[in-house]
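Quick note, the sequences are listed as chains D and H, same order. Number 90 in numbering that gives the first Met the number 0 belongs to position 91 of the first sequence; there are no gaps in the numbering. Number 355 in numbering that gives the first Met the number 0 belongs to position 356 of the second sequence; there are no gaps in the numbering.
Don't take each hint at face value.
Claimed, not checked - Okay, the calculated beta carbon distance ranges per label pair: (1) H:PRO162 <-> D:ALA77: 53 to 61 Å; (2) H:GLY215 <-> D:ALA77: 43 to 51 Å; (3) H:ASP633 <-> D:GLY116: 30 to 38 Å; (4) H:LYS431 <-> D:TYR66: 42 to 50 Å.
As the list claims (entries may be wrong) - Capping the alpha-carbon separation at 30 Å, the derived lysine-lysine pairs in DSBU-like fashion look like this: (5) H:LYS310 <-> H:LYS297; (6) H:LYS295 <-> H:LYS310; (7) H:LYS288 <-> H:LYS436; (8) D:LYS99 <-> H:LYS632; (9) H:LYS635 <-> D:LYS99.
Calculated from the structure, these hints are not laboratory results. Cβ coordinates follow ideal geometry from the N, Cα and C atoms, glycine included.
Given next are the chains, with one letter for each unit.
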Amino acid sequence: MMRKPASLAIGLALAVLGGCQREERETRPEPVLGESQQAVPVTALEPGGNRPQFSNPKAAQFEGNAYHISQGKTLFSAFNCNGCHSNGGGGMGPALMDEKWLYGNSIESIHASIRDGRPNGMPTFGRLIPDDQLWELAAYVKSMGGNVPSAAAPGRNDDMMARPAENRMPNAATQGRTP
Amino acid sequence: MPILRVIGALGLTALPAPVARGSADRTRNAQKLAPTRSAMASHVADVKGRTSRPGQVVAVAGLVAVSMMSPAAAQQGPAITPPAAAAPPDDGQWTMPAKNYASTRYSELSEINEGDVGKLQVAFTFSTGINKGHEAAPLVIGGTMYIVTPYPNILYALDLTKPSAPLKWFYRPNPEPAAQGVACCDVVNRGAAFSNGRIFFNTLDGHTIAVDANTGQAIWNTKVGNINIGETVTMAPLVVKDKVLVGNSGGEMGVRGWIKALDANDGHVVWTAYNTGPDAEVLIGPEFKPFYDMDKGKDLGVSSWPPDAWKIGGGNVWGWIGYDPELDLIYHGTGNPGPWNPDLRPGDNKWTAGIFARNPDTGAAHWYYQWTPHDQHDYDGINEQILLDMNWEGKPRKVLVRPDRNGYVYILDRTTGEVLSAKPFGAVNSSKGVDLKTGRLIDNPEKRPTTGKVVRDICPTAAGVKDWQPSAFSPRTGLLYIPHNNLCMDEEGTEVNYIAGTPYVGMNVRMIPGPGGHRGEFTAWDLANQKPAWKLKENFPVWSGALVTAGDVVFYGTMEGWFKAVSAKTGDLLWQFKTSSGIIGQPITYRGPDGHQYVAVLAGVGGWAGAVVSGDLDPRDATAALGFVNAMKDLKDVTTPGGSLYVFRLP
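Please model the complete structure; the sequences and the hints are all you need to start from.
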């Protein structure tokens, strides 16, 4: 009979630990002008057979990290990314919240797209935006399609919704009063 | 003779003209429609007003009494007509998108008419190979048809003298692909212009090109725009005398608007007029005499802005230009001020969202009127202007008619810029009318968007009651045929940074269907009485141009892909054909080398309204494509992209 509480406790501990990691970040980030120059192929085809791909160390640091994603969300408006990609649905640029990725869906690929630009209209931001902020943008862009742990996902924009968010709606249990 | 029999049944006497192929079919159709009074009247009016052509009948007697019944003849007062100099007699060609300088989009051809239009069938088709929005009008000069596509702006020439119109030549300008990333609302092109053996057109990356109409060889190529500041060119040029008039796009990118005149011979820039900034750069000088006090004063293009905001303030010229050869004035609108968020640019924001009359040789401004001072909702002032002569309160006036984005059909005196009338032609609550004393639009403070606050149910939307999609005017009915939108929106102002070459908007927008739930309308506007004669509802915004003919048939397309012919008098649907993709192009009509009338239109959905399909956007984001996607969520269910030319004729 002790089994259940034990597993519960372990689960809880894991969840709490996970919660710690969601905001983990470097207190002394790299100098702002440092750039990630690792090559990022935009195709799965590799004549002569696939060679192993090495992940950029920054990828793990930024991807799925709540702090960096939320910073990325702020930067997404500050650098007018939303002017073309709206809030993920696209406009002048392609949608970012759907399952289609023209140049790869890894955070490295997204980072490379922002840094170097792409030929059909994506500008290059590599010399305008510091590298860590590029990674934050990439982390946010990757999260837009919901492809991110829920513990790290940023809040959605509710202001343009036709009705308030569910958590701001009157609750039936409280008979219309806000709890 | 079947024709005799039908006319005889109406109690009339008529002589048959030389009968061409298919005349029996057309007569059968006329018989079918004969019971309705309007059809009968139209048939007769049609017969009366023309010279003899193959397949037509010439009336000799007994027609006058019946033709009086037609609405055109029954109308009060003298007819409303375009000035002869700006709308010369129809030669059966189509040399500029608006048909003529008066921009009537009216053809005197009437082989295809109310009686026989139901028999239209496909003559030939042509795939452009481009999957973006096709807003252009085909041109027909002599035995050749010219089509300019959206980016990559290929110019095709089709040989109409041969069966099924084979490709004669094509010209690829190879614009810079990066230009696609700074084009606000799909990578459209609104058409080419012809003059003196040359085709002139613009490319998305900001080049104006002259091509030999016979050989397809480029004659000159002038770079007028810079994509690195977000500047593109999407408009159709207009050729006036020896000058090619061109304007820029980029009101969503903080691009300062201008219009340039290029020498048609060698392409050098003769003059440039900006639409913001100091008078010297706006080409405001001693000739400038605006009608209203609000437009008088020195350097208003600077003083009506926060410091230096005019440098990134929009006022672009991406729409239509008209020309009155008698007054020797060109008329062009100016686009929205940037950014959209009005909190960031207090003032009237001259000379945006208005209209200029300029001398075509020097660019000197003669008058200006601002449709929407301190625009708050992206109400670009760039729609077409139809130049007409009409009686106004008993006096003949030279007028300019403008169905504007802000929702009003304006009638202006085109010699002075005085507003004679401004009546709403769709749902409007963002303003409360136009004060005819001051000329000023009366703003509705309840619908003012502001930073950090969502304002709901603003009508019309940023796309206006009517956007770029050009209307057509028939002197036979006195009606202006307006394809337009029926949409409202929520707006929320946001902070925005100016970064050259990126969007400068500062507004979240979310569009919804307007009153009634349908998103498009096609309105026949009675200019003499300033009210609608009839209205058609369409599920989607009517984003195509309109065309009207002396056959009293109006053509337009829907975003589902229906190409429709309706009665110019009643709006009754006479014929429709489902094309391969949604239609946002401008229909035209011409007399082919075989002497018969043809109707042509480009299908190929896209544009701002169709970006959800042509750009494959995600409708879960209500703000996608500057909010338009929210109103067009189901467009992907009914059409797919792909540009094709369709040309129709009678069997």
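Hints, one by one, checked against the model:
Between H:PRO162 and D:ALA77 the C-beta distance comes to about 60 Å, which sits within the given range of 53 to 61 Å. Distance hint check: the CB atoms of H:GLY215 and D:ALA77 are about 47 Å apart, consistent with the given range 43 to 51 Å. Separated by about 34 Å at the C-beta atoms, H:ASP633 and D:GLY116 satisfy the suggested range of 30 to 38 Å. Between H:LYS431 and D:TYR66 the beta carbons are some 49 Å apart, a value that agrees with the proposed interval 42 to 50 Å.
Of the supplied pair hints, the one linking H:LYS310 and H:LYS297 holds, its CA atoms being roughly 17 Å apart against a limit of 30 Å. As the CA atoms of H:LYS295 and H:LYS310 are separated by approximately 21 Å, the hinted pair is consistent with the 30 Å bound. For the hint pairing H:LYS288 with H:LYS436, the CA-to-CA distance comes to about 17 Å; that is within 30 Å, so the pair holds. Between D:LYS99 and H:LYS632, the direct Cα distance comes to roughly 18 Å. Compliance with the 30 Å bound is thereby established for this hinted pair.
Distance hint between H:LYS635 and D:LYS99 is fulfilled; the C-alpha atoms sit about 16 Å from each other, no more than 30 Å.
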